[in-house]
Structures are given as structure tokens and as C-alpha cells.
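Peer 1: Kindly produce the complete structure, drawing on both the sequences and the hints.
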Amino acid sequence: MSTEATVDFDDALTRYEPALGFEVHVELNTKTKMFSDAPNEFGDEANTNVTPVDLGLPGTLPVVNGKAIEYSIKLGLALNCSIAESCRFARKNYFYPDNPKNFQTSQYDEPIAFDGYLDIELDSGRVIRVEIERAHMEEDAGKLTHLGGATGRIQGASASLVDYNRAGVPLVEIVTKPILGVGADAPELGRKYVAAVRDIVKALDVSDARMERGNVRCDANVSLAPIGAEKLGTRSETKNVNSLRSIERAVRYEIERHAAILDAGGSVVQETRHWHEDTRTTSSGRPKSDADDYRYFPEPDLVPVVTSRERVEEIRATLPELPAARRTRLKADWGFSDEEFRDVVNAGLDEALEATVTAGATPAAARKWWMGEISRLAKDGEVEPTELGILPADVVEVEGLIGEKKINDKIAKQVLQFVAAGEGRPAAIVEARSLAVVSDDGPLLAAIEDAMAGAPDVVEKIKAGKVAAIGALIGPVMKATRGQADAGRVRELVLEKLGVQG
Amino acid sequence: MTDIITLSASALAEKLRAGELTSVEAVQAHLDRIAAVDDAEHGVHAFLHVNAEEALAVAAEVDAIRAAGGAEAAALHPLAGVPIAVKDLIVTKGQPTTAGSRMLEGWMSPYDATVIEKIRAAKLPILGKTNLDEFAQGSSTEHSAFGNTRNPWDLTRIPGGSGGGSAAAVAAFEAPLALGTDTGGSIRQPGAVTGTVGAKPTYGAVSRYGAIAMASSLDQIGPVARTVLDSALLQELIGGHDPRDSTSLPETVPALADAARQGAAGDLSGVRVGVIKELQGEGYEAGVQARFDESLELLKARGAQIVEVSCPHFQYALAAYYLIMPSEMSSNLAKFDGVRYGNRVLPTDGNVTIERVMGATRAAGFGDEVKRRIILGTYALSAGYYDAYYGSAQKVRTLIQRDFAAAFERADVLISPTAPTVAFELGAKLDDPLAMYLNDVATIPANLAGVPGISVPGGLSDGLPVGIQFLAPAREDARMYRAAAALEAALEEEWGHPLLADAQDLEQAVAAAKEGAK
Chain S
-15 MSTEATVDFD
-5 DALTRYEPAL
5 GFEVHVELNT
15 KTKMFSDAPN
25 EFGDEANTNV
35 TPVDLGLPGT
45 LPVVNGKAIE
55 YSIKLGLALN
65 CSIAESCRFA
75 RKNYFYPDNP
85 KNFQTSQYDE
95 PIAFDGYLDI
105 ELDSGRVIRV
115 EIERAHMEED
125 AGKLTHLGGA
135 TGRIQGASAS
145 LVDYNRAGVP
155 LVEIVTKPIL
165 GVGADAPELG
175 RKYVAAVRDI
185 VKALDVSDAR
195 MERGNVRCDA
205 NVSLAPIGAE
215 KLGTRSETKN
225 VNSLRSIERA
235 VRYEIERHAA
245 ILDAGGSVVQ
255 ETRHWHEDTR
265 TTSSGRPKSD
275 ADDYRYFPEP
285 DLVPVVTSRE
295 RVEEIRATLP
305 ELPAARRTRL
315 KADWGFSDEE
325 FRDVVNAGLD
335 EALEATVTAG
345 ATPAAARKWW
355 MGEISRLAKD
365 GEVEPTELGI
375 LPADVVEVEG
385 LIGEKKINDK
395 IAKQVLQFVA
405 AGEGRPAAIV
415 EARSLAVVSD
425 DGPLLAAIED
435 AMAGAPDVVE
445 KIKAGKVAAI
455 GALIGPVMKA
465 TRGQADAGRV
475 RELVLEKLGV
485 QG
Chain B
30 MTDIITLSAS
40 ALAEKLRAGE
50 LTSVEAVQAH
60 LDRIAAVDDA
70 EHGVHAFLHV
80 NAEEALAVAA
90 EVDAIRAAGG
100 AEAAALHPLA
110 GVPIAVKDLI
120 VTKGQPTTAG
130 SRMLEGWMSP
140 YDATVIEKIR
150 AAKLPILGKT
160 NLDEFAQGSS
170 TEHSAFGNTR
180 NPWDLTRIPG
190 GSGGGSAAAV
200 AAFEAPLALG
210 TDTGGSIRQP
220 GAVTGTVGAK
230 PTYGAVSRYG
240 AIAMASSLDQ
250 IGPVARTVLD
260 SALLQELIGG
270 HDPRDSTSLP
280 ETVPALADAA
290 RQGAAGDLSG
300 VRVGVIKELQ
310 GEGYEAGVQA
320 RFDESLELLK
330 ARGAQIVEVS
340 CPHFQYALAA
350 YYLIMPSEMS
360 SNLAKFDGVR
370 YGNRVLPTDG
380 NVTIERVMGA
390 TRAAGFGDEV
400 KRRIILGTYA
410 LSAGYYDAYY
420 GSAQKVRTLI
430 QRDFAAAFER
440 ADVLISPTAP
450 TVAFELGAKL
460 DDPLAMYLND
470 VATIPANLAG
480 VPGISVPGGL
490 SDGLPVGIQF
500 LAPAREDARM
510 YRAAAALEAA
520 LEEEWGHPLL
530 ADAQDLEQAV
540 AAAKEGAK
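From first to last, the protein sequence lines stand for chains S and B.
Mapping of the first sequence onto this note's numbering: position 72 corresponds to residue 56, and the numbering continues sequentially without gaps.
Mapping of the second sequence onto this note's numbering: position 99 corresponds to residue 128, and the numbering continues sequentially without gaps.
One should not assume that every hint holds.
As the list claims (entries may be wrong) - Anything over 10 Å on all C-beta distances counts as not near chain B; from chain S, calculated:
{"id": "1", "residue": "77"}
{"id": "2", "residue": "205"}
{"id": "3", "residue": "397"}
To be verified - Now the in silico label distances, taken between C-beta atoms and shown as ranges:
{"id": "4", "chain 1": "B", "residue 1": "413", "chain 2": "S", "residue 2": "302", "range": "40 to 46 Å"}
{"id": "5", "chain 1": "B", "residue 1": "388", "chain 2": "S", "residue 2": "253", "range": "25 to 31 Å"}
{"id": "6", "chain 1": "S", "residue 1": "129", "chain 2": "B", "residue 2": "413", "range": "36 to 42 Å"}
{"id": "7", "chain 1": "B", "residue 1": "438", "chain 2": "S", "residue 2": "115", "range": "47 to 53 Å"}
{"id": "8", "chain 1": "B", "residue 1": "388", "chain 2": "S", "residue 2": "196", "range": "36 to 42 Å"}
{"id": "9", "chain 1": "S", "residue 1": "129", "chain 2": "B", "residue 2": "284", "range": "42 to 48 Å"}
{"id": "10", "chain 1": "S", "residue 1": "229", "chain 2": "B", "residue 2": "135", "range": "50 to 56 Å"}
{"id": "11", "chain 1": "S", "residue 1": "138", "chain 2": "B", "residue 2": "427", "range": "40 to 46 Å"}
{"id": "12", "chain 1": "S", "residue 1": "115", "chain 2": "B", "residue 2": "427", "range": "46 to 52 Å"}
{"id": "13", "chain 1": "S", "residue 1": "131", "chain 2": "B", "residue 2": "86", "range": "53 to 59 Å"}
{"id": "14", "chain 1": "B", "residue 1": "427", "chain 2": "S", "residue 2": "317", "range": "57 to 63 Å"}
{"id": "15", "chain 1": "B", "residue 1": "135", "chain 2": "S", "residue 2": "335", "range": "54 to 60 Å"}
{"id": "16", "chain 1": "B", "residue 1": "70", "chain 2": "S", "residue 2": "129", "range": "46 to 52 Å"}
These are computed hints drawn from the structure, not numbers from a lab.
Since the model is a prediction, treat every value here as computed from it, not as a measurement.
Cβ atoms here follow ideal geometry from the backbone N, Cα and C, with glycine treated the same way.
Peer 2: Take a look at the structure:
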């Protein structure tokens, strides 16, 4: 694979304006497939989740999955789309062995949802409106595994295996209109847009939304035109970029690659590109012309999908709060600054905070623990903060123990470590490990007297009114009580004992 | 034995119920007849596969239930034990399904069509699978990959198509009932040229699940029989909503047999029969026109009011059909590529890639007529031609539906000759596809509009059967059965016997053909 020339990203943007377009495929998590009653299950033994319909056996007919229609409408509404009162499926005809009928049943000129948008907020605070052209239903193809080649690709393979378990899995394809005027924000916008779609389908529970399993797949279209030009440049379509980070990188790489071609006076080839995560580059796929002839025609085995306005409103009424609205609400409820809130969201901890607040903690305390000690523990352990085994209720419990002055912040951090280590819940750990702050004045007074006896000069200073000198007594008291003393209480007792006003 | 095979399905069912005959006797009589007349080389050759063992087993089961009496016997379907033949386009477990094509030679379906499930549930012994033009594409059964079927009236002539096997089997008394499929006339035109009854139900009245699709928006499974009543009984059995076919109608099956009995009782007063001006005259043989005109007189005598209706867009029906049908068919047949099932053919030069295997498989597996239509359909759907061809054809389809709607304002049922000619000589039109296509000019409009149609024997022209077609509005199949039964009764009263009683002695004819070949 030859390395293609690239131009520095910032340099490229001094001369060219990028235009983006995204096609995001979302696999719906319906129980059965789009047109058959075969289970829609990932990871089962090859060719077991199939019926005669999925294998395209002679005589079989498709029947539309009503749940898939409902999910598609939900998704369309969440993308601020209009929902078609009547729409049809079409056949996209092409011969390929992952496609058991040699046509894909898809929607062509009559998508179920159209004319929507998503507002995407960037780290800078800039909000970009991404216009959605359409969201249409279709069926997934089977999965090909190529044997004998070096790269797992079809080139050089000696045989290919086909698994039709995935054939007929319901998909919604979300297509944006060209996104213009984003400039250097293009890579970040790509990542945030796909993240927004993923978060929406997750919130709607219409997809498992696991990008690593291909539940959400993105094709990224990139083109460059000289700044000020009226016409869009020639685009490349990078297929199946399946992580958020890769989308950002792929958009960036394609901008750098296109700029180099254009700088050299060349022209960009209209083609699909393959993304390589290892080298963080793309390579040439197949040429793609606008005139690919799929001989679309309305699917005669299916009747139109008719959705009454009442039904649309019924479905709209069932929509959960969507991620964007939820964030606006949480930010206001919690009273965080823009920066504080953004950090929480970027850390992926907004849900954990919400659960913690719901469980009884103050927003500030929830943020303090999740963004502080818990995140630090996660970083050390190289896992996500939410995967440590520390529950929102644990944070609330720890806060309660601090409030009761049973422990202090320092011990609280230890307690959280012990929770993460699987030792149980905080109160039980404090009990079992005798971590409670010593608030019984008896042992404390003894420790104080010992400390005072060991430092008569300090006692004199305090008596003379230098109250700050108490600090020199707190150290020995803490040592004597193995850190379990409450420093404030120690101070009070010393002053009381010496009859000094604090 | 001859007595058993000439019984109509309803008469045979009556004898089975009365205990005068056993189902095993009935099945055996038909198997014997098949053995006597169905020789592939010289005989009728209606069957591609004979399912003797299973048919006898089902018959024995019915006989046992009947002998035991009680609730189970009382619950038997009225047609239980009456044997049936199935067009080899309809998939069946346990028997091969070929669609008349090398592509599927030896293929066994792992599932039953919905109509087959219903037939098995009603315990009709399945005698076997009948011959057809490859993938139901043709009007003469000469395009079968497994040799043509011969017309029982004259073994040198075609039995019609594509369902020539089912019609010939019934005409030859090899089966009292059969299933057919009708995309442009494949049940009705064979019915006409073999002197049998064939009905295409309203689109959606019978599930298409398990009928190998030719043109999805036109295909319908329907009954093939020797009487209108038998046809109605069989349609009642196979009809009704099927959740596996999205285009299946939601309604329950209407009382078709009652309508047929009502019609046979004779009175058609107040029934308006519309004669379609465009489906007679030029292009129709004089003998066909004469039998048609006589039928009108008989209907009039039974009280029907004859009115003339005009369907001006029918002249475009054939052209529209030969765009819509190949377009849908080219897509429906794309799945036959040798990857998952059926025959696989490797390229001879050893350069094996998936595209070349698909190409070689399809080149070897499909016959010329199928290839001709795939090319037509692929072209008609291509970018830049779609609007002019497929798009325009769909507009014609709408206009034809409007013609029907207007005609049914003025008439309760419509009538025409089923086919413009009687059975032609084998080979006569093989080199002239357009002449072959013209044979379906009168049957195609019903498929384009989704309305029901039936062909009943209307007499002979030069010793060969002529068919009369009745058409009714969608979902009004009962109306069609009533009118058809009335004409059938009137004609049989005139003749003094069913038309098939005039047919040649087939066993002699087959023996003579074998002799002549020596």
C-alpha cells in the first residue's frame, strides 16, 4: 500500500473549504429481522438465524416488521424529521453473494423520515446545525469472510464464506445534506455528529448502539473546494468508519490527502475509501459514480407503509427525553458553569452524576467524587470510571459519612478504593476496617493532653493568643489516633482546655 | 376404473363420503391412468414427478379416519381424499420443485407453500408435480426444460401455457383437480385449449407464499378443474388471508361453491353481462367467435341482460404487460445464481470468480425465453429508460383499471373469448415470440387490474375446445362463479354431456403415437 501525499491540516484550511456528508447506518435491536421472523441476534453460529426468507429461497415473500417501522419513526422524530404518511420499499438490484436475493430491499424515493436536523455543540461552544436529508429503512446484507488472502480482503483470497445471520437485519440509514462552512471544525463535527446519533438511538433504545459490533456504522463523505469557490469539489466516501475517534481522524486525513492532490494540480477520484485504523490512513476502494445503475423499482411484494398522523403523535408521546434536551436540563439543575458541565459530558459521566444526584447527593459533591477520586482510580486501573464497581449509592453513602463527621475526605478516598476493590459498601468498610473518625472526646482528650505535654512551648504560644500554633499539636494528635481524629474538634478541645477564645 | 377417473371432484368426494369408494381406490385409478397416458415421449406428459407413495399413504389415512367414524371423520374436509396435481412452480416438501428449469433440477424445497399446507391439512393426496413453461414463461408449455406437454384432444398440439401440465392432467383424467398459477393467463388459456375450467382469483385472494415468483404484482395461484363447482370448491380451500404474503387480502373466503350452485340452477335474471368490444372480432378465429356468440344467446335465454362495454385501453395491455412482467421477473429471478441452491456451473476455462460462476450458471441454467425476458426487463428498468418503459407501463395499468371500473358500472360481469385461437400445432409459434404472446391478449387485462377471471369450455371449433372467459370486479369472485356455472349448465344441457366426453380415446391415441414412432 503506497503512502499518499498529504498536506498539513492547518495549512490545507488556509486554501480550501471542506464539505462533509455522513451516511450513518443504525442496526435496530428488534427481536426479529426486517422482513422475516428469524431472530435478530449477533454472534450466533453462522447461518443459524435464518428462515427460507433470509436465504432468498424460491417462493418466499417478505413481510415488514411492524416494530422496525415504529423504531424508524421514533428515530425520525428524534432527528426532527417529517414522517411520511405513506412510503414504499424499493428493490436495489445488484449481484453480490452477501445479498441472498441479489437485490436489497430498501427505500429509494420514498423514505419514511425526511427533512430533519441535529444541532451539534462543539468544544468551543460553537453550535452547528446538521441538516438531515432522510432516514430510510433497509435490510442488512450477510457477512463475507475471505479466506487465504493476507489482509482478510477479497483481493488474493482463495475462497469466501458467507454468513446470512446478518442478512435481513433491520437498518435505518441516516443521510445528511452537505455540511458546509465548518472549516477546521470538520473532524470534530464528524465525531460529535456520529456521537449524537449514537446517543439518540441509545436513549430511544432502538439499537444496541455498539459501534465495535457495527450497530452504528458511518460512511464519511469529504470534499474540498478552494475557499470562495461556488461549486463543491469531488468527494471521496470513506466506508465503515466504526469508532468516534476514527471518524475524526478519517475526516482529517481525507482533508489532508485531498489538499495534497489539489495542490499538485490533480483531481480527486470519486471513489470509496477503506479506513485503516493501524496506519490512520485510507486506501482506494471502488470507483463510485453518481450513475451506478441499481435499476430501482417499487418492491411489488410489499404494500405501502401507511402511518396515520394520530399514530405519529402516539409514537411521539412515547419518546423519552433526548440527550440534547436532557443536557440542557441537567446543566440548569446542577448550576454548573459551561466548562464544568462540558468536562463532565466529555468524561462521559453525566449519567453517573445524574444517578448520584437522584440517589441523594448534591450536584457539587457528585461532581467532586466522580471527576476527582473515582476518575483518578479509573485512570490508574485503565478502565472507565463507571466500570470500577463504585455505584452512585456509594458516593451518597460516603458523603453521608462525611456529613456525620464519621470520616473525613482523606478517609473517604481510601473507602472508595476499598469499594472498587470489592470489599463491600462504604459504611460496612468503615466499620470493618475501623476507619471511623475518633469523635469520642475521651481518647481524643488523652491524645491532646499527651501532645500538649510534649510541647509546652506551643501551649505557651497558644495561651499568649497565637491560636494558629494549634497546628503543631494537630499533627501529633493525628498520629496518635491513626488519622481518625477530626481536626476541627481537636482545635475546639485545645482552646476549651486552655480557656482561650478562638 | 374409467368411472372413477371421469368423476368430477365433487362427485368423487360424495362417493368417498358415502363409502362407495375409498380414497386409495381413487388415487390408484388416477395413478393407473397416469401410467397409461402420460408417457414423456409420446403421451400427454403432464407430470414431471409422480408422487405415488405419499399420495397413497395420505389416501389410506383418509380411508382409515373415515372407517373409524366419529368426530375426526366428521371433521374431514369435504375434499379429503380427492387427489390433486400441483403445478411445479409451487414448492412442496418431499418432492422436487423444478419450475420447469434446469436451474432447479433436483432441488427439494425445505418448506411447503401456504396452499400446499392447506391441501395437506385438508388431506388431499398430491399425485405429483405438473409441467410448465420454464418459470411459467410461455403460452404453450414448449419452453419447459423437460420436454413439452401434449394436448389430450390432439397429441400434436399444445396444451396452452404456462400451466399446460395442470390443464392437460385434468383434461386427460389423470387428476380431477390441479393447482395452477396465472400471471397473464397461465391458468385460463390452458383451460380454454384443453376444454377444462381454470380460474384466476382476485389478486390477493390466494396466498402467493411458496409460488416461485415470476411477476409479483401479477401472479396468482388458482384452481384447475373440470367443472365450475369443483373450481369453486378448490378456491375456497386454498383461499384466505396469509400473514406470510403482504399482498394477501384480509377478508375471509367468500361462499364460492354456493355461488356456483346458484348459477347452475339456471336463473340469471337481472344479471348484466358486459361484452368487451375490444376483445372479439379481428384476430379471433371464426370458430372461436361463433362459439362465443352462441354463449351470449344461451346467457340471454337464462335471463341475463347482454350489454356492450368498451375498454379502449385494452389495446395497450399486451405492451404494458411485456414491460411490467419482464421487469419484475428479471429481479425475481436474480436469486438463481448457483450460490445457495440449485445447479452451479463453473466457467470452463478454470478462471473461477463469483461473477463468472454466476454468469456460467445462469447461461447454462436458463432457457432462451427466460433469457429473452430477463434482457427485456433489465433494459426496461435501466436508468434513463425507466420512465419511458416501466413508468409508462404502470400508467397504462392505471388506465386499464379505470376501463374495468367504468365497465363494471354498466355490467355485473364481463365476458370474452379466453383465447383468440384454439390449440395450435406444437412448434408452430416457437420461432415467433410475438405471435405466441398474442395468445394472451384477452387474459392479460385481468392480471394488470387484479380482477378475477375464469375460463369455461364453450364448445368445439374444428374438433378443438374453445374457452369462454368471465371477469368480475376485484373481491367479487362469487359473481364470476355464478355466471360461469350458469353458462356451463346451459351448454351441457345443449350438448347432453360435458364437453370432455367428446375428447378422443386417449389410451388408444397414445398407443397409436407410440406405434407410429416405431
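Peer 1: If a hint holds in the structure, say so; if it doesn't, say that too.
Peer 2: Consistency of the hints with the structure:
1. Remark: the non-interface label on residue 77 of chain S conflicts with the geometry, its nearest Cβ contact in chain B lying 5 Å away (cut-off 10 Å).
2. Consistency note on residue 205 of chain S: stated as away from chain B, and its beta-carbon is indeed over 10 Å from all of that chain's, at 21 Å minimum.
3. Look at residue 397 of chain S: its CB is around 61 Å from the nearest CB on chain B, clear of 10 Å, so calling it non-interface holds up.
4. A hinted range of 40 to 46 Å holds for the C-beta pair residue 413 of chain B and residue 302 of chain S, which are about 44 Å apart.
5. For residue 388 of chain B and residue 253 of chain S, the Cβ-Cβ distance of about 28 Å falls inside the hinted range of 25 to 31 Å, so the restraint holds.
6. Checked against the given bound of 36 to 42 Å, the beta carbons of residue 129 of chain S and residue 413 of chain B, roughly 37 Å apart, stay inside it.
7. Restraint check, residue 438 of chain B to residue 115 of chain S: a C-beta distance of roughly 49 Å satisfies the suggested window 47 to 53 Å.
8. Judged by the Cβ atoms, the range 36 to 42 Å given for residue 388 of chain B and residue 196 of chain S holds: they are separated by roughly 38 Å.
9. Taking the beta carbon of each, residue 129 of chain S and residue 284 of chain B are about 56 Å apart, not inside 42 to 48 Å as hinted.
10. Taking the beta carbon of each, residue 229 of chain S and residue 135 of chain B are about 53 Å apart, inside 50 to 56 Å as hinted.
11. At about 45 Å, the CB distance of residue 138 of chain S to residue 427 of chain B agrees with the hint of 40 to 46 Å.
12. Taking 46 to 52 Å as the suggested C-beta distance range, the pair residue 115 of chain S and residue 427 of chain B does not conform, at roughly 35 Å.
13. The hint said 53 to 59 Å for the Cβ distance between residue 131 of chain S and residue 86 of chain B, and at roughly 45 Å that hint is violated.
14. At roughly 58 Å, the beta carbons of residue 427 of chain B and residue 317 of chain S sit within the given window of 57 to 63 Å.
15. With their beta carbons about 58 Å apart, residue 135 of chain B and residue 335 of chain S fall inside the hinted range of 54 to 60 Å.
16. In this structure the hint that residue 70 of chain B and residue 129 of chain S lie 46 to 52 Å apart at CB holds, the actual value being about 49 Å.
Checked against the numbered hints given earlier, this structure breaks hints 1, 9, 12 and 13; the rest are met.
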